[in-house]
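Heads up: the protein sequence lines correspond to chains P and X, in order. Numbering-wise, my numbering puts 4 at position 4 of the first sequence, and it's gapless, one number per residue. Numbering-wise, my numbering puts 147 at position 147 of the second sequence, and it's gapless, one number per residue.
No wet-lab data here; the hints were simulated from the structure. One should not assume that every hint holds.
DSSO-like, lysine-lysine: derived pairs with alpha carbons at most 30 angstroms apart [as the list claims (entries may be wrong)]: (1) X:Lys226 with P:Lys211; (2) P:Lys193 with X:Lys45; (3) X:Lys57 with P:Lys173; (4) P:Lys34 with X:Lys80; (5) X:Lys57 with P:Lys163.
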Amino acid sequence: MANCRPQSATPNNMKIRYHKVPGVFLLDKQLATKGEALYGERTFDGYRLWNPRRSKLAALLTKQAQVPLAPEQIVLYLGAASGTTVSHLANIVSLVYAVEFAPRVARDLVRLSERVTNIVPLISDAAHPDYGPVVELVDLLYQDIAQPRQAEIAVKNAELFLKPRGYACIIIKARSIDVTEKPRTVYKREVKKLEELFDIEYVHELEPFYKAHAAVIARLA
Amino acid sequence: MAHIKTWFGDIELHNDEIARSQVLKADIDAMAQRLQQEDFADFDKECRGRLREIAIKLQVVSSEREYVSLLRAVMIQSAKQRIVAAFAQPDARIIQLIDGIDDIDESINLLSERLSEWCLLTSETSMPEDLLEAFASSPSAQSPLAQEFAGSISRLCELRQQLANAIELEMRTTAPNLSTLAGELLGARLIARAGGLEPLARMPASRIQVIGASKALFRHLKYGTKPPKHGVIFQHPLVRGSHPNNRGKIARTLAAKIAIAARLDFYSKKVYPELLSQVEKRFGELQTAERNPEQHEDKIP
Ligand SMILES: C[S@@+](CC[C@H](N)C(=O)[O-])C[C@H]1O[C@@H](n2cnc3c(N)ncnc32)[C@H](O)[C@@H]1O
Numbered sequence: 001m002a003n004c005r006p007q008s009a010t011p012n013n014m015k016i017r018y019h020k021v022p023g024v025f026l027l028d029k030q031l032a033t034k035g036e037a038l039y040g041e042r043t044f045d046g047y048r049l050w051n052p053r054r055s056k057l058a059a060l061l062t063k064q065a066q067v068p069l070a071p072e073q074i075v076l077y078l079g080a081a082s083g084t085t086v087s088h089l090a091n092i093v094s095l096v097y098a099v100e101f102a103p104r105v106a107r108d109l110v111r112l113s114e115r116v117t118n119i120v121p122l123i124s125d126a127a128h129p130d131y132g133p134v135v136e137l138v139d140l141l142y143q144d145i146a147q148p149r150q151a152e153i154a155v156k157n158a159e160l161f162l163k164p165r166g167y168a169c170i171i172i173k174a175r176s177i178d179v180t181e182k183p184r185t186v187y188k189r190e191v192k193k194l195e196e197l198f199d200i201e202y203v204h205e206l207e208p209f210y211k212a213h214a215a216v217i218a219r220l221a
Numbered sequence: 001m002a003h004i005k006t007w008f009g010d011i012e013l014h015n016d017e018i019a020r021s022q023v024l025k026a027d028i029d030a031m032a033q034r035l036q037q038e039d040f041a042d043f044d045k046e047c048r049g050r051l052r053e054i055a056i057k058l059q060v061v062s063s064e065r066e067y068v069s070l071l072r073a074v075m076i077q078s079a080k081q082r083i084v085a086a087f088a089q090p091d092a093r094i095i096q097l098i099d100g101i102d103d104i105d106e107s108i109n110l111l112s113e114r115l116s117e118w119c120l121l122t123s124e125t126s127m128p129e130d131l132l133e134a135f136a137s138s139p140s141a142q143s144p145l146a147q148e149f150a151g152s153i154s155r156l157c158e159l160r161q162q163l164a165n166a167i168e169l170e171m172r173t174t175a176p177n178l179s180t181l182a183g184e185l186l187g188a189r190l191i192a193r194a195g196g197l198e199p200l201a202r203m204p205a206s207r208i209q210v211i212g213a214s215k216a217l218f219r220h221l222k223y224g225t226k227p228p229k230h231g232v233i234f235q236h237p238l239v240r241g242s243h244p245n246n247r248g249k250i251a252r253t254l255a256a257k258i259a260i261a262a263r264l265d266f267y268s269k270k271v272y273p274e275l276l277s278q279v280e281k282r283f284g285e286l287q288t289a290e291r292n293p294e295q296h297e298d299k300i301p
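Using the sequences and the hints given, assemble the complete structure.
Rendered as structure tokens:
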């Protein structure tokens, strides 16, 4: 029996543990979610490995940062790109509204949505949300758009779509906001802009997985 | 009373009760079509929180599960329509073509390097530039595998020419002023780097001048090294043909005119042939001043 084991099976000595976020697992030390492979990632016994160098959310979870994720959540995700992170997030929460405006990567996102039943693709500019008739109230606003005006865009979307006391997870890439400033100065300035609407809970830096990136975890005031 | 526009129809609410509604039932095409066309106003958060409930009450769907599956089907359809529309924009086609040329150039370089190393090993011919010509004139003199290689390279060169021709055509209709001023290929490259004609039209000349020099610009901002004088516009014959002392000046003039050309092309497409002659005139002045250093041009405003 032992040698008929499929290639992707969990090696006998691999330990599977629960991460503190429900729906997230640790295979030895590697992060994983449950589901079929969607973009060529490795799988073991139905667990999809989730590389912290390819996904900022995975970097946060690998660092055991506080991320407000729960199984019943509805998420509005701004800057989905081809959907690498979205595909794992969909294994964790109940529904993801995924916004992306660049047509090339959006094509992959649409292909992904055709395979995964809880992703709704929205081809729109998050700075001018025209998805008002579509998106319901959401529990979490996730933003990874790497834009100078990103704080403003997060505030606007939270005002429209985030539940009272809902959460936001906002990725800041210091370089795309100001290449001349020290990253921490940039984070401080962005946090200040977010305080207009949110209570800030944590600021996590994504080192060593991403240089000069931070994630702000906030809650609608 | 609240009037709300949703993806499944128009609804009027009176004291939280549905007073009137006009809904599209499970017609995915019609729903997606409507999202393409209409401009929607926002509505208050309370109604937004009740979208599923309202859709079920109006019998658009019979359960929350069905709500999600119908919404997803409609939005996939709508997303596909938007993507097709985006790729049908002429500047999107130009960007595709330029990317194609860059890919081909990279392949040609790799294959040529491989071929020349190969020939160094197997024959006495040593100048890589001559190799292709040698192949063209007496292909049978070379080994069959090397012939295949050379054949692939020359087919890629043909394909490159086809792409360049297509770019010329697209550029002439999409960006006539930019084409005249910068040349079709360089103009197309500027559009591609800017991400489209519209973003290029919105760019200040100072940014246009350094498009394609982002590494040097970053070093300048961060470490205070010399600012880059020119990015891809260095490929323009008037910049390349200038005396090194004048290149920054001519690049600045050219970038300023390119900014105007891009705006003209984006907003009106009206053709102004004098843009190029203005840059040529400046070029002439600078070259003359360089030759007669005593009457230095900087004194002329
Ligand atoms: C850093 S990538 C996101 C990567 C993705 N979150 C992941 O982890 O798989 C940023 C994306 O945001 C998109 N983007 C930037 N500005 C946007 C906007 N205003 N509206 C929608 N998408 C935007 C870009 O096209 C790009 O694909």
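Structure versus earlier hints, numbers of those that do not hold, lowest first: 3
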